[in-house]
Amino acid sequence: MAATERLDQLRETLREAGIPEHIGPRSSIARPEIERETVATHNCRDHDSLLDALPPLELRGAGTREVGSSHPFEVLRTVGQGGMGRVELARQPGLDREVAIKRVRAEHADTDAARQSLIREARLMGGLEHPNIPPIYALGRGGDEPVLVMKRIEGVAWSALLADADHPHWAALQGDRFEQHLEILMQVCLAAHFAHSHGILHLDIKPDNVMLGRFGEVYLIDWGVAQRLDERHDATTIVGTPAYMAPEMARGLRDVGLRTDVYLLGATLHELVTGRPRHTGETLLAALIEAIDSKPHTYPPQVHGELAEITNKACHLEPDRRFATPLELRQALEAYLHLRSSLQLTDAALERLATLRERATAVVANEPLPPALHGAFIECRFGFEQALEKHDDNQRARDGLREAYAVMIDAELDARNAGAAEALIAALGEATPAWRERLEQVRAALANEAEAHTRLQAIERDLQTRNESWTRSGSIAVGSLSWLAVAGVGLANRLGWIEVTPFHNLVLPLVMLIGSLISLTQRDQFFNNRVLKQISMMVMFVAWLMLGAHVAMWILDQPLWHAAIADMMVLGMLMSTVELVVGELVAAAVLSLGMTVGVVGIALAPAHAYEIMGGCMALFNLRLAYDLRPVLLGGEPKRAA
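All residue numbers for the sequence shown refer to this note's numbering, where the first residue is 100 and numbers rise by one.
A hint or two may mislead.
[Unchecked claim] Pair by pair, the computed Cβ-Cβ distance ranges are:
| no. | residue 1 | residue 2 | range |
| --- | --- | --- | --- |
| 1 | Glu457 | Trp569 | 49 to 59 Å |
| 2 | Glu197 | Asp446 | 43 to 53 Å |
| 3 | Trp569 | Ala533 | 54 to 64 Å |
| 4 | Ala557 | Pro469 | 32 to 42 Å |
| 5 | Arg276 | Asp209 | 42 to 52 Å |
| 6 | Pro400 | His552 | 15 to 25 Å |
| 7 | Glu197 | Pro400 | 40 to 50 Å |
| 8 | Glu683 | Arg535 | 47 to 57 Å |
| 9 | Ala461 | Ala688 | 49 to 59 Å |
What the hints contain is simulated information worked out from the structure, not anything from laboratory work.
Ideal placement from N, C-alpha and C gives every residue a C-beta, glycine not left out.
With these hints in hand, go ahead and build the complete structure from the sequences.
The structure is reproduced here in structure tokens:
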């Protein structure tokens, strides 16, 4: 059909319906008349009998004619008006409360259609008791006009908040503003769904007809063009607001149904998303043509695809392809809110993921991971998991969570934390070939290091000369007494108290040999590592040499002091070597010098040979006991050089 023909047909439709073309697209078109069958439903043949059937209400106020009644209302002021009616604030003294009174506007006071429309609205609303629909207190007669008394709503029209981002009412609403708008629309969906369950269509859902209370209440108001589902109309009957109108409404009310209100809810959603009505034609005819065509809208990229799909589905040209009920639309919006919240959590988690990546690049291989990296991973993982809890199909969150795990797994592998990396891989539930290969490499490296560490510990134990026990150093210190005994024997021999022969001189190396053999049998207590065992073997070998030397001296019948000089030289080498192993270089030098002085001393004073040798060896034993003292007495454990 040509554009001119469509315009001509629309003009004819408007003319037949008695609708002037100058009406604005955002103005509500009221019913031109009330069908006879509707009036008959209420058992009234004409307006007078219908009005007379209403109880009288006394309205007191300036310019208001009083009629006798026991239900007075004090009219305070006019608070708003629509196409055919006006709403006034009144006080009900009997209950000490303020109410809203709706009456026909003065210019339509003599119009039967306007009066019948108000009565119709009251009787439709009177059967709807719902938290999102204003309750009707009374329907009566004030003089010769109908009066509708309903709950006073202290708040603002939803459209006021949409038009003014700085509106004071925003202070009563917390959280994200767009989410608040969607929550409001979801409550309007509940009101429409409840009305549908009672067989009533609203047919004029838009932000102007939604009131918001001071405490978050949401009310769907202005049921002036509402109708029952079983009503029938001429095709020329057009009601509602053209800027939001469903195509079947623009063509006439013959085909309206539950999905018509769904379209109006979708048109309201469109305005929330774009800031403009669904039909933006500047004239009534242009808006009606847009409504009849109802083409899918292309939304900008910043509008999430799922929300755009919901809006276009609700406003589909064909009613059968819309949401079946307002409740279905509400459920779709609720799912989108979960998705939107999930996407917001995802964005925050992605910022933490960037921080995690940055900190992971600073990780030094084979070094412990810094606590800040673990903290960033925990925050990142929690954010993505919360996003997925809100909406399980959020692929961005799922990909982000996997990447966070991947970054942390790589970091743990770089730090060679095989157990932590394996736990993360198990938690992720995905092990790539690269991760498996790296994990095996880390495990092999750790096993090699553990083996090497075990070997080093064994070497360390073999080189350790001190422990926590007193047994070793105490026994050596007690051994000093044996050398003092040798000195005592020498003194007794020199004083003539006893006589020591070369044969008796065999006792000293035999005692040393027996002592070294005993220490070897008790190696766990005395010489429990390689170095100390070697020292014990050295003592045993020296004892063998000394025994051989003493036997030779006995055979050659050499003087005792000759054996003492030989003993001092052999023991001096032994003492210096042992001190180098378990003690200090300076001490070894001092001991070597001392033994040299002792040898010279014996040569100068042969009679004092055993006294000098016994004293020197007693001092050496005390020094050795000090070198092998328990670790608990202080100082670092001595390791063999």
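Status of each hint after checking the structure:
For the hinted restraint 49 to 59 Å between glutamate 457 and tryptophan 569, the CB-CB distance of approximately 57 Å keeps it satisfied. Evaluation of the 43 to 53 Å hint for glutamate 197 and aspartate 446 yields a pass: the beta carbon distance comes to about 46 Å. For the pair tryptophan 569 and alanine 533, the supplied restraint of 54 to 64 Å holds, since their beta-carbon distance comes to about 57 Å. One distance hint, 32 to 42 Å for the beta-carbon pair alanine 557 and proline 469, holds here, with the actual separation near 34 Å.
Checking the proposed 42 to 52 Å range against arginine 276 and aspartate 209 shows it holds: the Cβ atoms sit about 45 Å from each other. Taken as a hint, the range 15 to 25 Å is violated for the pair proline 400 and histidine 552, whose Cβ atoms sit roughly 59 Å apart. For glutamate 197 paired with proline 400, a C-beta distance near 48 Å keeps the hint of 40 to 50 Å intact. At roughly 54 Å, the beta-carbon separation of glutamate 683 and arginine 535 lies within the given 47 to 57 Å, and the hint holds.
For the pair alanine 461 and alanine 688, the beta carbons lie near 52 Å from each other, so the given range of 49 to 59 Å is met.
Hint compliance for this structure: hint 6 is the single one not met.
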